[in-house]
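**Q** Hey, can you piece these two chains together into the complex? The hints should help.
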Amino acid sequence: MGTIQLKKVRKAFGESIIIPGADLDIKHGEFIVFVGPSGCGKSTLLRMIAGLEDLTSGEILIDGKDCSDAAPASRGLSMVFQSYALYPHMSVRNNIAFGLKMAGETPEQIAPKVAKAAETLNLTEYLDRKPGQLSGGQRQRVAIGRAIVRNPSGFLFDEPLSNLDAALRVNMRIFIMQLHKDLGATMVYVTHDQVEAMTMADRIVVLNRGNIEQVGSPLELYNKPNSKFVAGFIGSPKMNFIEGSIAAKHKAKTIGVRPEHIDIVSGKGEWQGKILLTEHLGSDSFLHIDAGDAGRFVVRAPGEFAGKPGDSISLKPDAARIHKFDAQDLSIR
Amino acid sequence: MALKQTTGQKITITIVAWVIGLLLFFPILWTAIAAFKTESDAYTLPQNFLTTPWTLENFGIVQERSDYVLYIRNTVIIAGLSTLLGLVFAVPAAWSMAFAPQSKPTNNWSGYKWLAIIFGSAGLAALVLYFMGWHPTNFLVGIILLLMFVVPVSAWVWTRATKDTLLWMLSTKMMPPAGALISIYLLFNRNGLIYKDWGWIDLSDYNLVDSFWGMVPLVMLLNLPIIIWMLYTYFKELPVEILEAARMDGASLWNELTQVLTPMAMPGIASTCLLNLILAWNEAFWSLNLTNKFAAPLSFFISEYSSPEGQFWAKLSAASIMAIVPILIVGWFSQKQLVRGLTFGAVK
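As you go down the protein sequences, you meet chains A and B in turn. Mapping of the first sequence onto my numbering: residues 1 to 333, in sequence order. Mapping of the second sequence onto my numbering: residues 1 to 348, in sequence order.
In short, the hints are calculated from the structure, not lab data. Check before you lean on any hint, since a few could be wrong.
What the hints assert, rightly or not - Pairs of lysine-lysine residues, derived as BS3-like cross-links and limited to a Cα-Cα distance of at most 25 Å, are as follows:
no., chain 1, residue 1, chain 2, residue 2
1, A, Lys-116, A, Lys-181
2, B, Lys-104, B, Lys-236
3, A, Lys-324, A, Lys-253
4, A, Lys-308, B, Lys-236
5, A, Lys-238, A, Lys-253
6, B, Lys-104, A, Lys-130
From a predicted model like this one, the values you see are computed outputs, not experimental measurements.
Okay, chain B solo, but in the shape it has when bound (with noise of 0.2 Å):
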């Protein structure tokens, strides 16, 4: 599209796109500054950071206080297992979804028995533990129970048309996380119900809250319904006579997923992983609530600098240069990867 400008709107364009791009960085250009600064110029106003000395102070006040390592390799750790781990779950998801859709659910029970079937039986499950005094006696039990929502639920799930499926894993990212955040602790905190000493296992001594068992399967979910989206509109673009000719040729499914579908698709899946990876380093939330030591990551090692005793703004601005830098470096150097990855679908 030919869309003939005046210098007059060019020079308009120009400034207002300079003052929302200022305005956008002013946040992250304060912190960096202010990282820079001893604590007392960092908090006095009016600020002047221009005639204020520079140091590198509060670098070395964090780095003595809390181990930046050990909190960079444990977002390493969860960053990069969720993401991996969301691949194998996604790639599958993705395929399926993309080449052989389902278009109409597989059957027709209408929406209120399976609200009554899942519901029930979920009930029905809640009330046999309550008068178990919440405490199933027997392993085997607590699974049954466990089995009791989670079967209707996947029945339902499984029966949906592809595009009710994809709107439904959408949509729970539409939930405010707080909603989940008291039962995830709980199944977190207790290894839900089925904690207990068996005897032959002591499930008490395996909480998941603070571990990687716990942090990389949550944040993998978390992601889970983004990079599915991301994956099933990239494969959506390739055509699917490859993968006929693939099965002509004698593929199995295994074959067909990584020696044909896999390699074509690298672009796809390199910047769904990049965005995932970007994702999975900034999640907060649950990593605030749900870890303290052992498995918390940098957001965690931020949030140190911001306790109730007051801010410290100098330090927090230069532990949030810490825990971003890395992150964009890799953004910076595979910008083109993110936008093509973010934008694939939208052009044909």
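Chain A with its partners taken away, still in its complex shape (with noise of 0.2 Å):
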């Protein structure tokens, strides 16, 4: 089992309030993603399930029993951090083990273990070599295969990723996920990067100042996010935000359209604007636009646009995916 509830979990450093209140219900396999700007209290919470942070209020249940107190090891709990933190003294098989010797088990009950998490991870040659003689995603793998030899209820990654350049991040982004469907574990997995978030969960936290802003699948925050925050967060290129008197067409203070909702058409289009810039992407082409009264925004052209900087253009949004946001910045439905 692996269910982690947070009941009005909160968090202050003295005066400054980190998390003001949060409650969230992470079923049994679910892969969870935490995710919003650095500052928003994402680790802090995931800290706090860890119980590396203390609470200053609120209650956290693991598989329904309460551990708000509880020692971080007997939460059932691993956790993988940004910095591998591995231990730098012993060797690799000993860093594996380390856990498994600390609850207690004989080296007998240990070797096969550690045997198979390497296996499992492709460790097995490195086994006796220090983290120091490791490259940084092999020492990656060493601290995942760290928490997987405990036979955790749940695992915990504390931006595992961003320490490792970007094409081994696929790979290991790639392999998480594999990972996640072999062990069938609860995965809680802090992020800023939220094509991380959108490619890996079940569902998604997006966090900001604290407050847990939505809660949902990849494809819900994307089709219909609550707040402004969450539908410019999710998404690549970033929405465009509209305001002003086309904003007061639809009735809105502000209004939302993706880069990829945008048509450009030949003739009259709803908005006129001059290309600023392209970038080609070879399978797309972004074109940063500067449409008057509109404003500056981006829009997604399939394929290569032939169009180049100082072209006119015509564009039409897709109606039904205009996102209109009130005052507080919150969705109108």
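**A** This is the structure:
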């Protein structure tokens, strides 16, 4: 089992309130991603679940049991740190075995478990090396090995991929998703990278200044954001926000349209603009457009777009995909 | 930083460096030469060390007159044990200050209130003592009177913020040791307040003067602030995530300290030990005042050759060379560790 429930979890360091009160239900086997800009409290929330940070008030239930004051190790969770946090003086074998040793298991019990974890992670040939002799990706795998060998009911990942280079990050992302499938364990994953969040999560928790803004599946957040913050944070490139008279026509303070929901039309469209800049990615082109009253925004054109900076262009937003926000930046539906 | 130097500058700097180096080294050089001269040659002015004969007789006489082995044994015991004992206190202290610092005092009493409490209770204890004729009639009373001073001071230290505690520790090194000499001597000589034949135990049998029971803790306490500071700066550089990972892995406090922190901090602990060993080895003020035979270390051994009857410079030099050679060798082979130890925290 691996259910985690947060009930009115609050964290304050002296006067400054980091998390004013968070409620969340994590079901067994779910892949939950905490996402938000840096300083939004996502790591603090994870560390509170891990038991590395005390709760100011509220409750954390793990498998239905109140663990608010329990020691980190007794919560049945494993954690993978951003900086790997391997024991530099121990071999890979001992790094992976340390938790089992601390749990009082005998060397005979430990050896096969370590061997199995090492095999899963392709680390068998590195077992006798020290962490200092490994590459970044290998170190991260050791850190994951250390987490899985204890057979925990849940895994906590604190920005585990942000120290890796881009190519390796994609590989490790797929690896962690595969691991989640194979183990079927609950995973809570913290990242500031919304691409990681969208691709990996069963449900995404978007945090802003310590508040949970919205919880939902990636597509729910993409299609029905609760607020301007979520709308702007999920999706790449960012949603375009337009205020003023154009927004007023839709009876909203602000309207938002994603770059992929604006069509380039020949003849007269809804908006006229001039191309300022084009970004060519091969599969798509992103056009930065100055549309006068509507302001500056980004439009996605599929494939290779022939237009050059300075060209005039007509645009037509997909009416069904226009998001409307009120003066409090909340969605109008 | 690439500083371009002209040849002239290089030559000047080299000469200045050599002059300073020789000036600093000269006393040791002189001692080393004088040790191998006869007493009169070492004393005669103008000195001519190049033409006078070389001799080993000083070393023989020194060994005959005072037992070098006894002194070096005592020094090893005092320096070694005080370093080990210091680590026992300093590792947990530095650990807690580095990884669980207290950013603000835990109570907000004013300094005056604390002063009143500390001096008030100490004064009360002194008053009771005064009317008892400076000797409590009961062992328990003696202990209680002692606690009346120790407890408020400890309570004050306990509630301070970490950086204040660190500064306070360092400030104990700012006081001239001579200022505490008389009280320490009385504590040692008479076991403080509780020196007495209590029937079940005769404390007058256990004089701390000239004993390892006195010298080891004393030298340990002398250097404790430095050990804690060095370990603290070293521990602060260690990533806290590794200790958190150990906590997630179920390591108890003991396992966290012994299996993760200590092995990781071994280079820092080693250089701290080394520096402490050297400081304890060279300690002279307290050794000269509080020992005279049984627990006397090498600094006492050297001073034996400087007496009111006259300075025996050649023998004094021989004794000095005998005293410093072991630590010189240790220091020479561990230069790298020492420099690292003294500069860590300086550069990230």
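**Q** State for each hint whether it applies.
**A** Verification of the supplied hints:
Distance restraint check for Lys-116 of chain A and Lys-181 of chain A: the Cα-Cα separation of roughly 17 Å lies within the 25 Å cut-off, and the hinted pair is therefore satisfied. Among the hinted pairs, Lys-104 of chain B with Lys-236 of chain B is consistent with the structure: their alpha-carbon atoms are about 18 Å apart, no more than 25 Å. Of the supplied pair hints, the one linking Lys-324 of chain A and Lys-253 of chain A holds, its CA atoms being roughly 8 Å apart against a limit of 25 Å. In summary, the hint linking Lys-308 of chain A to Lys-236 of chain B is not supported, as the alpha carbons are separated by about 55 Å, beyond the 25 Å threshold.
A distance of roughly 18 Å separates the Cα atoms of Lys-238 of chain A and Lys-253 of chain A; the hinted pair therefore holds under the 25 Å criterion. This hinted pair does not check out: Lys-104 of chain B and Lys-130 of chain A have alpha carbons roughly 39 Å apart, beyond 25 Å.
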